[in-house]
Amino acid sequence: MADLIYNIAAIIALAGIVLSFVRLILGPTAADRAVALDGMTIIAISLIVFIAYYSNRVIYLDVAIVYGLISFIGIIAIARYLERGI
Amino acid sequence: MISIIIIILGIIMIAAAFYAIHSKSLLSAIISAGVISLLASVVYLLLAAPDVAMTEAAIGSGLTTIIFIFTLRKIKKGGLDD
Amino acid sequence: MELLGAIVTLIGSLFLFLGAVGIFRMPDVYNRMQAGTKATTLGSILFLIGIGVGHYECGCLGKLILLIMFIIFTNPISSNALARAAHFAGVKLTKLSVKDDLAEDGLEKGEEK
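Protein chains in written order, with the numbering used here: chain A, 7 to 92; chain B, 535 to 616; chain C, 1272 to 1384.
The following block holds chain A by itself, in its conformation from the complex (with noise of 0.2 angstroms):
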């Protein structure tokens, strides 16, 4: 019953990667594809961590913890640039 449960909310998720995709390749301008990018790794280290848990491994945690660290810093640099530059 719970596996059913997180399995459900794991492709739910899913679809909300789907859904951000379609507005990264919609969007009219390049400030929208950042915020559809930003949306994606937050629902992207949700999904890295649904793995962990079904397959079972707490090393999988730490490529969570990785991607957001570095990801903060891409959406920074992507903001930068948009302002005035780096």
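Since the hints were made in silico from the structure, they are not lab data. From the three backbone atoms N, C-alpha and C, an ideal C-beta is built for every residue, glycine too. Possibly wrong hints are sitting among the right ones.
[Claimed, not checked] Just a sample of chain A residues kept apart from chain B, beta carbon distances all over 10 angstroms, derived:
| no. | residue |
| --- | --- |
| 1 | M7 |
| 2 | A8 |
| 3 | I11 |
| 4 | I18 |
[What the hints assert, rightly or not] Quick list of in silico lysine-lysine cross-link-like pairs, DSBU-like style, CA-CA up to 35 angstroms:
| no. | chain 1 | residue 1 | chain 2 | residue 2 |
| --- | --- | --- | --- | --- |
| 5 | B | K610 | C | K1370 |
| 6 | C | K1370 | B | K558 |
| 7 | C | K1366 | B | K558 |
| 8 | B | K610 | C | K1363 |
We have chain A already, so just place chains B and C on it with the hints.
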């Protein structure tokens, strides 16, 4: 369950690669390449390779994006283009 | 206990999906930004708490709390930087919006208040 996630993420990765090739704006192409690295990291994790996933997340998504943006800023003056 | 964690995870994934719907349907960069930041922050926090509660015997609760703290600290900062960059890069507001405080302040690019 794992197969469904891998197939959907692979389709999104192929679409992002096509968009990165055909986009007019260089900044949009850089962001789309970042999406490819993000989803490639998740797929590596699904294929049970956490060290490769960590390397892809650090280098492919972080360092490559920053170096591309720095190069783009060197090439032309910053601004918002579609 | 596992069922409670599963239900919390399901609620969190619903918040994540609603944030993605907000990114998809809102008319403007700034509206998309507020929908995509607040809803996905709450959704990811609930998702991680649900997995940590339902699977607490794995000893991974410390790492999950560290990840939650990191998301809480970094997500508003990146959203604020993106909104400020979009405003100074010249993205127009939608016609439905009524007030623009940052333009009325009359700041130049890169200038702090």
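### Query
Does the structure keep K1370(C) and K558(B) at a Cα separation of 35 angstroms or less?
holds (33 angstroms)
### Minimum Cβ-Cβ distance from M7(A) to chain B exceeds 10 angstroms
holds (16 angstroms)
#### Entry: Given as non-interface: A8(A), which should sit over 10 angstroms from chain B by C-beta
Correct as stated: the minimum Cβ-Cβ distance to chain B is 14 angstroms, above 10 angstroms.
#### Entry: Given pair status - K1363(C), K610(B), alpha carbons within 35 angstroms
holds (23 angstroms)
### Task
Run the C-beta distances from I11(A) to all of chain B and say if the shortest one exceeds 10 angstroms.
holds (13 angstroms)
#### Entry: Restraint check for K610(B) with K1370(C), where alpha carbons must lie at most 35 angstroms apart
holds (33 angstroms)
### Message
Check whether the Cα positions of K1366(C) and K558(B) lie no farther apart than 35 angstroms.
### Response
holds (27 angstroms)
### Query
Hey, does I18(A) actually stay past 10 angstroms from chain B on C-beta?
holds (12 angstroms)
The structure fails none of the hints (numbered hints given earlier).
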